[in-house]
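Please put together the full structure from these sequences, using the hints given.
For the record, the sequence lines run as chains P, S, L, G, W and V.
The numbers in numbering that gives the first Met the number 0 rise by one with no breaks, and the one at position 214 of the first sequence is 213.
The numbers in numbering that gives the first Met the number 0 rise by one with no breaks, and the one at position 279 of the second sequence is 278.
The numbers in numbering that gives the first Met the number 0 rise by one with no breaks, and the one at position 268 of the third sequence is 267.
The numbers in numbering that gives the first Met the number 0 rise by one with no breaks, and the one at position 38 of the fourth sequence is 37.
The numbers in numbering that gives the first Met the number 0 rise by one with no breaks, and the one at position 4 of the fifth sequence is 3.
The numbers in numbering that gives the first Met the number 0 rise by one with no breaks, and the one at position 132 of the sixth sequence is 131.
No lab work stands behind these hints: they were computed from the structure.
Treat each hint with caution, since some may be false.
SDA-like, lysine to any residue: derived pairs with alpha carbons at most 25 Å apart [to be verified]: (1) G:K192 <-> V:A142; (2) V:K97 <-> V:E33; (3) S:K2 <-> S:E21; (4) G:K271 <-> G:F217; (5) S:K192 <-> L:S186; (6) G:K63 <-> G:R237; (7) S:K97 <-> G:K280; (8) W:K280 <-> W:R40; (9) V:K273 <-> W:T184; (10) L:K97 <-> W:D48; (11) W:K63 <-> W:A25; (12) W:K192 <-> G:P201; (13) P:K271 <-> S:R266; (14) W:K63 <-> W:E213.
Fair warning: this is a prediction, and the values are worked out from it, not measured in the lab.
There are 6 protein chains.
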Amino acid sequence: MDKYSTKWLKVSEPFPHVLHVELARAPVNAFSQEFWQSYGRLFDSIVEDGLDVRAAVVTSVFPKIFTAGLDLGDAGSLGSDGADTTRDGARSSLAMRKKLLEFQYAIGAPERCPFPVIAAVHGHVIGLGVDMISACDIRYAAADSNFAIKEVDIGLAADIGSLAFLPHITGNHSLVRELAYTARTFSAAEADKIGLLSKVVPGSKDEVTKEALELARFISTKSPIAVSGSKHLITHARDHSVPDNLAYTGAWNAHALMTDDILENLRATKAKTKANFAPLKVPSRFAGAKL
Amino acid sequence: MDKYSTKWLKVSEPFPHVLHVELARAPVNAFSQEFWQSYGRLFDSIVEDGLDVRAAVVTSVFPKIFTAGLDLGDAGSLGSDGADTTRDGARSSLAMRKKLLEFQYAIGAPERCPFPVIAAVHGHVIGLGVDMISACDIRYAAADSNFAIKEVDIGLAADIGSLAFLPHITGNHSLVRELAYTARTFSAAEADKIGLLSKVVPGSKDEVTKEALELARFISTKSPIAVSGSKHLITHARDHSVPDNLAYTGAWNAHALMTDDILENLRATKAKTKANFAPLKVPSRFAGAKL
Amino acid sequence: MDKYSTKWLKVSEPFPHVLHVELARAPVNAFSQEFWQSYGRLFDSIVEDGLDVRAAVVTSVFPKIFTAGLDLGDAGSLGSDGADTTRDGARSSLAMRKKLLEFQYAIGAPERCPFPVIAAVHGHVIGLGVDMISACDIRYAAADSNFAIKEVDIGLAADIGSLAFLPHITGNHSLVRELAYTARTFSAAEADKIGLLSKVVPGSKDEVTKEALELARFISTKSPIAVSGSKHLITHARDHSVPDNLAYTGAWNAHALMTDDILENLRATKAKTKANFAPLKVPSRFAGAKL
Amino acid sequence: MDKYSTKWLKVSEPFPHVLHVELARAPVNAFSQEFWQSYGRLFDSIVEDGLDVRAAVVTSVFPKIFTAGLDLGDAGSLGSDGADTTRDGARSSLAMRKKLLEFQYAIGAPERCPFPVIAAVHGHVIGLGVDMISACDIRYAAADSNFAIKEVDIGLAADIGSLAFLPHITGNHSLVRELAYTARTFSAAEADKIGLLSKVVPGSKDEVTKEALELARFISTKSPIAVSGSKHLITHARDHSVPDNLAYTGAWNAHALMTDDILENLRATKAKTKANFAPLKVPSRFAGAKL
Amino acid sequence: MDKYSTKWLKVSEPFPHVLHVELARAPVNAFSQEFWQSYGRLFDSIVEDGLDVRAAVVTSVFPKIFTAGLDLGDAGSLGSDGADTTRDGARSSLAMRKKLLEFQYAIGAPERCPFPVIAAVHGHVIGLGVDMISACDIRYAAADSNFAIKEVDIGLAADIGSLAFLPHITGNHSLVRELAYTARTFSAAEADKIGLLSKVVPGSKDEVTKEALELARFISTKSPIAVSGSKHLITHARDHSVPDNLAYTGAWNAHALMTDDILENLRATKAKTKANFAPLKVPSRFAGAKL
Amino acid sequence: MDKYSTKWLKVSEPFPHVLHVELARAPVNAFSQEFWQSYGRLFDSIVEDGLDVRAAVVTSVFPKIFTAGLDLGDAGSLGSDGADTTRDGARSSLAMRKKLLEFQYAIGAPERCPFPVIAAVHGHVIGLGVDMISACDIRYAAADSNFAIKEVDIGLAADIGSLAFLPHITGNHSLVRELAYTARTFSAAEADKIGLLSKVVPGSKDEVTKEALELARFISTKSPIAVSGSKHLITHARDHSVPDNLAYTGAWNAHALMTDDILENLRATKAKTKANFAPLKVPSRFAGAKL
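What follows is the structure, encoded as structure tokens:
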């Protein structure tokens with residue numbers, strides 16, 4: 000698993016089938032273009048290579064911060080990589096749009112994985128950090144976490160996922176809009192109030208990491224067919240009406256129910272042993288997204 | 000009303016226009032195919048027969064459990080009713096899909112009723128139990144309730160409604176996903192945190208049943224045109240955008256506002272008496288569903 | 000700014016770029032047709048005239064009440080303005096539908112503004128009051144607030160926005176449905192529980208107004224391009240799927256990122272001064288809605 | 000097969016697996032409520048009973064007419080069956096809406112079948128006749144056919160399918176609108192111009208029936224998995240975007256490709272014999288529609 | 000009716016309830032901002048003023064040309080009206096977007112009318128001309144007509160309706176794309192081939208005008224409830240799936256069927272006289288558009 | 000350009016900015032997995048490498064055939080590449096689904112290009128051939144062409160695009176369904192009748208290739224901003240409603256109108272010279288597809 004580590008990403012397998020991804024770009028995990036692309040590629044590579052990962056956790060290695068967001072000092076991060084040297088506004092805009100879509104694609108990689116991805120945050124979770132965790136399945140936050148949808152303070156509307164995901168995955172539009180318009184810092188308690196978090200973990204980095212890894216380990220003992228199917232169908236439900244999702248689920252489970260995992264669960268229950276599932280072995284790059 | 004009772008369903012009318020449906024398959028309300036079909040047919044029959052029901056409550060007769068979910072011992076419940084004796088994978092899948100759509104149709108019956116259906120749960124609410132209450136309008140839970148989206152522990156993604164409804168009717172995708180992926184038990188407090196419940200009622204079966212029946216009784220005193228229209232339009236709103244729903248509402252209320260119930264309310268207010276509404280008398284089997 | 004004041008609307012600019020709209024129809028802000036039309040026209044005029052408003056607050060001038068809702072004594076409010084003197088049911092319905100769409104259009108005016116509109120309520124917020132605040136961006140409520148989706152008690156389903164917006168902007172369908180079906184009064188705490196409010200402000204009219212104005216003032220110091228873009232994109236996200244919104248955002252920010260506001264923010268940060276943004280100067284009547 | 004015949008419907012099996020449905024209500028196949036309900040029930044019964052039908056043809060037994068449309072003399076056909084004796088406009092409207100949805104459901108039965116239904120028309124095809132053939136898969140018309148979307152001449156907009164289907168299944172909105180607004184008669188040539196027909200068959204009743212039956216016979220020799228899947232997916236494509244349909248098709252064929260019919264085709268090709276497919280045997284009442 | 004005529008628009012009522020709109024800006028009906036705004040306002044005014052128009056025809060007064068399209072010499076037509084003097088790319092884009100939406104709104108006015116609008120063209124129909132006729136209900140073209148989706152030759156994608164409407168209202172995407180990408184001239188025969196026209200009328204201006212007026216006169220003798228309902232429902236069908244439209248139609252006709260026009264038709268048929276319908280009298284500005 | 004040629008694909012640039020792709024797998028252009036992947040990659044590489052291509056043409060090098068469709072002898076083409084050695088039906092289905100989505104992605108590559116792709120066919124166009132040309136912008140067919148949606152004869156529903164695209168891009172559902180259900184051969188005339196073709200070119204391979212290349216050459220002289228924008232917006236229109244597309248177009252052209260190509264067109268017109276446009280230079284891999 001270590002071979003997937005890069006300059007700024009520590010990758011390990013603390014438990015069998017559990018992927019741990021640690022953001023490690025000193026001093027504050029500021030995201031340059033190179034960083035976010037390697038972040039997206041990591042998940043895509045894991046999937047394409049067919050690794051038997053069944054749950055993943057994303058954390059930061061730094062004790063006080065998850066991420067400070069965009070690296071404003073990076074030439075590539077705000078479009079000045081030469082694409083816009085032309086004076087033609089339309090061509091500049093197209094180049095910018097292309098960059099935005101690629102950026103969204105990188106940060107959205109966790110949604111494309113067939114396994115759940117848990118973001119476990121502590122300290123500062125700023126700007127891009129909110130986009131990143133919004134594209135994950137599950138969010139745990141340490142009590143010392145603080146957040147900011149910081150983009151308005153730069154002069155732009157958040158475009159990498161926060162505004163796309165938050166109205167769908169939380170339950171308080173009033174507060175989401177207030178936080179987006181003001182760019183102000185908000186606490187783990189407020190993040191919890193809008194419904195962004197599964198829970199607030201007392202403590203900081205170590206405590207939240209430990210709980211998230213334990214959750215990942217627990218999920219990794221479940222049937223991969225059942226867990227990846229659930230992820231796929233919840234994501235479909237978010238983007239379609241109830242009747243449309245019920246129809247799609249009918250087509251999906253028409254084959255998913257043929258799995259041996261059901262028999263294995265019955266066997267294990269009867270034998271009072273742990274169930275032992277075959278790997279998914281389906282590099283499903285397309286699982287959660289349309290290319 | 001008693002004539003609607005079946006082997007495993009106790010049906011009564013504790014107050015005028017209030018339907019009480021009690022699940023009563025000893026020992027744990029495990030659902031066989033026969034059971035879920037009779038559950039769905041009950042609601043459809045009430046509606047087709049044009050009964051003047053204005054609110055319904057679903058509870059369990061057993062003191063410690065709402066339902067244990069699917070009856071895994073039932074031949075029909077996991078597809079082994081002979082349909083799949085063929086070795087042709089495609090034909091097996093089609094037979095399974097048909098069964099799933101019929102199963103969804105039965106459990107979704109409360110949504111098709113022109114009157115609100117309140118699920119009042121206590122004790123264990125496992126697997127199919129979550130699908131069932133998700134398709135109801137309102138959920139009350141006793142403080143002793145505990146829930147589990149249990150399907151992953153069998154080896155499948157929940158396909159009868161939980162994954163279709165929950166992302167739309169609650170406000171915390173992170174926790175919904177965690178609960179779906181882990182199949183772990185969660186308390187009434189956590190159910191409340193995700194926004195699944197109107198309230199947690201202190202106590203158990205008796206307390207929650209009493210409060211739910213009182214709510215049903217109260218709703219039954221309201222204009223049936225107003226209540227059934229509200230149900231229809233909220234369901235439409237859930238499945239369409241705000242502008243699409245506003246347009247549909249314009250077409251709907253263009254005739255609903257012609258109701259005498261408005262005059263009756265004015266009369267009753269002036270006379271300081273109780274309003275007395277005509278029955279809906281519209282067997283509207285299709286009210287909440289797309290043909 | 001005062002010239003926008005009307006018989007029943009007090010309009011002022013307590014801080015630069017901050018619009019304060021006060022409902023002032025004694026004794027209880029009951030809404031006649033004339034009132035709601037002037038309410039909608041106010042926002043549309045502000046926008047059409049190109050005023051440099053960057054945030055707005057809506058409050059009531061009366062110490063005990065935000066609004067009692069529809070003025071049932073007003074001939075125009077329930078369709079009796081002569082349009083339905085004909086006995087032709089279809090023509091009456093069309094006239095009613097036209098009135099409903101115009102009513103929705105007036106109450107939905109805040110959504111069409113390029114700036115955020117904050118509803119700051121206290122006391123009674125009845126019937127139409129809930130429709131009104133649902134169409135605003137942000138909701139603050141004084142602790143003494145109480146609410147009712149009152150339409151069912153008149154004999155109709157709420158058709159001016161409550162049922163369209165609430166299922167999308169809050170996170171507890173069960174309680175939303177209960178409140179819609181019963182028309183019962185609910186407290187600020189319950190409004191908060193369903194996710195309707197950013198916060199409950201201790202106190203009453205004065206306290207909530209002060210906090211809302213301070214929020215508006217704070218938002219007005221931010222880049223208008225960033226804030227109005229955020230509003231537009233969140234509204235789009237609410238009505239479209241995540242992938243559809245990400246694609247739209249790509250097209251939108253392809254040009255929005257060309258703004259000088261980004262440079263101005265950088266300059267101000269470096270200089271440690273306040274950023275000073277150009278007016279939006281774009282009378283964008285169509286910003287949040289399709290005409 | 001004959002047992003499915005009713006007073007006004009002649010049902011036969013001219014070739015193995017081919018269903019022939021003949022409309023036979025003298026003198027002009029005018030549709031009363033009883034007639035349209037038995038028409039819809041016929042298809043649903045065939046499917047529910049699991050008959051091994053692989054293609055169907057609908058024709059009229061009368062030499063000069065397919066259908067004159069609605070039987071205006073029938074009490075039930077325009078709502079006067081007692082449901083609207085009440086003077087409450089809202090309740091009357093609900094009763095009318097229920098009747099319309101049931102009417103649509105009956106006429107839409109061919110779309111719910113897992114096998115293709117071919118309408119083969121000649122002579123007059125008036126009013127409801129156009130709704131009926133629009134809900135079929137394939138339309139053949141004899142050269143002597145003439146059509147009219149007659150509803151405007153009664154005083155209503157066609158509500159049983161013509162206006163819903165035609166804009167989707169043809170290719171000339173201008174002419175479709177002209178025909179709908181004028182209610183004028185149009186020839187087979189004009190029907191062909193808008194793209195309503197597979198072809199115009201020279202001759203009349205006998206010629207078009209013969210060609211349609213031959214087409215049905217030919218389709219009946221094909222793999223039922225392939226034909227029913229194609230029908231299901233084309234119908235899905237009509238109602239969804241291209242990317243949404245491609246994703247759904249991926250889920251669908253993931254299991255449909257497991258069929259033995261592929262092997263049987265290979266075997267037959269190699270052996271130069273006719274392929275011999277197992278029955279579909281899947282009473283799939285839900286195939287083309289959401290209940 | 001004449002009072003609706005403006006500098007460049009001749010408005011008359013050649014038959015009772017028939018509106019004739021003639022484009023009359025010499026020499027080639029080039030569209031300046033003033034021209035297109037007055038075109039849109041004309042239809043909106045007719046509707047707002049409640050005129051009893053039941054069908055309209057749009058033609059050109061010039062013998063050789065319907066319209067040459069955009070007036071490139073007009074300062075306002077390509078955005079140079081001062082809005083973009085700022086150097087801020089984002090603000091310029093917003094101003095441009097506002098202008099485009101207002102332009103689309105003006106040209107789309109015929110779709111908002113409750114009565115059908117027939118475009119009767121001859122000679123050159125260039126650029127904006129195609130957008131204009133696409134937003135009408137019905138298109139008749141003289142044999143001497145020629146068309147061009149000219150925008151690509153200016154350097155832009157057509158944004159006022161051609162690309163939005165044509166893929167939905169015609170039946171040959173291949174040719175539509177070819178014509179859009181090449182901006183080449185195409186004949187009435189090719190326009191007919193893609194399904195853009197109801198028919199090609201032999202002759203030129205006089206012949207096509209005569210036939211279109213006769214069609215309008217014929218439509219004007221029909222029930223306004225039936226015709227305007229048909230227009231509304233076909234437009235809805237174009238923009239929604241078949242099941243969604245059937246459901247909407249159920250709600251719509253639930254009240255439209257209460258019309259006296261049905262009785263009047265029965266009476267007239269029995270009496271063998273002409274039916275005589277009440278005016279629609281519903282200024283329904285919002286009829287064909289989403290608020 | 001030659002460096003893009005592969006074993007089975009001849010790639011050339013017959014005119015500046017015009018890409019000619021020739022299918023060249025003897026003897027009948029049967030598609031193995033390797034072949035279709037290299038076909039998709041070709042277009043993606045051209046775009047990623049930023050080549051200044053402005054129009055492309057796809058033809059076959061063989062005088063009698065465009066393509067025979069799927070290579071049934073290829074191990075990979077029907078799923079037997081080892082992925083399905085497991086006996087677990089669910090895992091087999093997931094592997095199959097992954098393969099289908101990748102197959103769709105390869106064949107859909109022309110839609111992702113920012114330039115138009117013209118399919119110019121002659122002789123046999125069988126099975127996959129129809130999927131391939133459906134995903135192109137424009138279709139020209141030689142008079143000697145014949146087509147077949149052949150998949151039903153193998154035992155499956157076409158899943159690579161035919162059934163997804165045809166109901167949207169043509170204008171005769173009746174005939175499309177007939178052709179899909181029967182798998183029968185159909186002529187260029189019938190292909191033209193359903194609206195699949197821009198035109199039928201008299202002759203065969205040479206004649207149709209010549210005309211298509213001339214069309215591509217002509218398109219390549221147009222503004223790339225205008226042509227690529229038109230392609231993007233027509234594709235969006237196909238998959239969205241008219242109002243949704245108009246709104247998206249407003250956002251898109253808000254920046255596209257800033258192009259210098261408009262000025263260059265004005266300059267060239269005035270100077271009576273050929274316009275000379277800058278390259279698009281925007282490797283826009285995501286242009287026509289949802290991420």
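Hints versus structure:
For the given pair, K192 (chain G) sits about 21 Å from A142 (chain V) by alpha-carbon distance, which is consistent with the 25 Å threshold. Only pairs whose Cα atoms come within 25 Å are accepted, and K97 (chain V) paired with E33 (chain V) is accepted, the gap being roughly 16 Å. Among the hinted pairs, K2 (chain S) with E21 (chain S) is consistent with the structure: their alpha-carbon atoms are about 14 Å apart, no more than 25 Å. For a cut-off of 25 Å, the pair hint linking K271 (chain G) to F217 (chain G) stands: about 17 Å separates their Cα positions.
About 18 Å separates the Cα atoms of K192 (chain S) and S186 (chain L), which keeps this hinted pair within 25 Å; it holds. Taking the CA atoms of K63 (chain G) and R237 (chain G), the gap is about 33 Å. The hint is violated against a cut of 25 Å. Taking the CA atoms of K97 (chain S) and K280 (chain G), the gap is near 11 Å; set against the 25 Å cutoff, the hint holds. Between K280 (chain W) and R40 (chain W), the direct Cα distance comes to roughly 19 Å. Compliance with the 25 Å bound is thereby established for this hinted pair.
Among the hinted pairs, K273 (chain V) with T184 (chain W) is consistent with the structure: their alpha-carbon atoms are about 19 Å apart, no more than 25 Å. Pair hint K97 (chain L) plus D48 (chain W) holds up; C-alpha atoms about 14 Å apart against a cutoff of 25 Å. With a C-alpha separation of about 12 Å, the suggested pairing of K63 (chain W) with A25 (chain W) holds against the 25 Å cut-off. A distance of roughly 23 Å separates the Cα atoms of K192 (chain W) and P201 (chain G); the hinted pair therefore holds under the 25 Å criterion.
Taking the CA atoms of K271 (chain P) and R266 (chain S), the gap is about 68 Å. The hint is violated against a cut of 25 Å. Note on K63 (chain W) and E213 (chain W): the hinted pairing holds, with a Cα-Cα distance of about 22 Å set against a maximum of 25 Å.
In this structure, the earlier hints numbered 6, 13 are contradicted, and the remaining ones agree with it.
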